[in-house]
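Enquirer: Could you put the whole structure together from the sequences, leaning on the hints where they help?
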Amino acid sequence: MTIILILITVLISWQAFNNPELRGKLIFLPSAIKARGEYYRFLTHGFIHADFQHLLFNMYALYIFGGSVEFVFTEYLFGPTIGKLAYLLFYLAAIVAASIPDYVRHQDNRMYASLGASGGVAATIWPYVMLAPWNWFIFPPLPAILLGIGYILYSHYADKRGQGNIGHNAHLWGAIFGLIAYSILVLAFEPALMSYFLEELMQPKGPNF
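To convert, note that position 187 of the sequence shown is 187 in my numbering; the numbers rise steadily by one, no gaps.
Take the hints with a grain of salt, since some may be wrong.
[Said to hold, decoys possible] In silico SDA-like links for lysine to any residue, alpha-carbon gap of 25 Å or less:
id	residue 1	residue 2
1	Lys25	Ile64
2	Lys34	Pro20
3	Lys25	Val104
4	Lys160	Gln107
5	Lys160	His106
6	Lys205	Ala61
7	Lys34	Ala50
8	Lys205	Gly150
9	Lys205	Gln107
10	Lys84	Thr74
11	Lys205	Phe189
12	Lys84	Pro191
13	Lys34	Met111
14	Lys160	Leu146
15	Lys25	Val10
16	Lys84	Tyr196
17	Lys205	Phe137
18	Lys205	Leu131
19	Lys25	Thr74
20	Lys84	Met194
21	Lys160	Met111
22	Lys25	Arg110
23	Lys34	Leu22
24	Lys84	Pro20
No wet-lab data here; the hints were simulated from the structure.
Expert: Laid out in structure tokens, this is it:
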């Protein structure tokens, strides 16, 4: 399912790169949602991107984190078939949930628009963290648990500072959604995974690269 999501996102984003009309129809416009009831924009903006670099970064992150999350959904929580559907709904719900705070904030701002899969991608970070908290990354050279915490803290800080043309608020709420939703699912369907996370958390490991 992760590969399918990546392929669909790349296809739609690529078409939107060369089709301003399509991009305009799919982009997240809080003012249009409020004025014309175009609620589909809560979801469709997650399948278009500003440029190739934006697309590449998000799809690479989705490949790294999403694949592991899909594995947990299919192997531990719901089984192969239902697990893929549940993972898809988790990802799509994250895109919507991550954009709600920006809708509340910018619903009367006709100049505000955003796009990208960042909210959905951010939601896959904490499930990955809870699966392998001490798995180290080469860049940045941090274990997953510190990367997850740092991601939330930096997103909050950068949003308050208004740094750059980046949707830090969507990153923040996507990550928070992922943490909360995944924790609820684990506690409801496979509590042993939460116990595993807590046990692993108490056993710090250094880098193995």
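Enquirer: Please go over all the hints and tell whether each is borne out by the structure.
Expert: Hint-by-hint comparison with the structure:
1. Lys25 <-> Ile64: Cα-Cα ~30 Å, so violated.
2. Lys34 <-> Pro20: holds, 22 Å
3. Lys25 <-> Val104: holds, 20 Å
4. Lys160 <-> Gln107: holds, 18 Å
5. Lys160 <-> His106: holds, 15 Å
6. Lys205 <-> Ala61: Cα-Cα ~23 Å, so holds.
7. Lys34 <-> Ala50: Measuring from Cα to Cα gives roughly 23 Å; hence the hint holds.
8. Lys205 <-> Gly150: holds, 18 Å
9. Lys205 <-> Gln107: violated, 45 Å
10. Lys84 <-> Thr74: holds, 6 Å
11. Lys205 <-> Phe189: violated, 28 Å
12. Lys84 <-> Pro191: holds, 20 Å
13. Lys34 <-> Met111: With a Cα-Cα distance of about 14 Å, the restraint between Lys34 and Met111 holds, given a limit of 25 Å.
14. Lys160 <-> Leu146: holds, 21 Å
15. Lys25 <-> Val10: holds, 17 Å
16. Lys84 <-> Tyr196: holds, 22 Å
17. Lys205 <-> Phe137: Holds, at roughly 12 Å.
18. Lys205 <-> Leu131: Status holds; Cα separation ~14 Å.
19. Lys25 <-> Thr74: violated, 34 Å
20. Lys84 <-> Met194: holds, 21 Å
21. Lys160 <-> Met111: Distance of about 19 Å is within 25 Å: holds.
22. Lys25 <-> Arg110: Answer holds: Lys25 to Arg110 is near 15 Å, not above 25 Å.
23. Lys34 <-> Leu22: Holds, at about 20 Å.
24. Lys84 <-> Pro20: Distance of about 33 Å is beyond 25 Å: violated.
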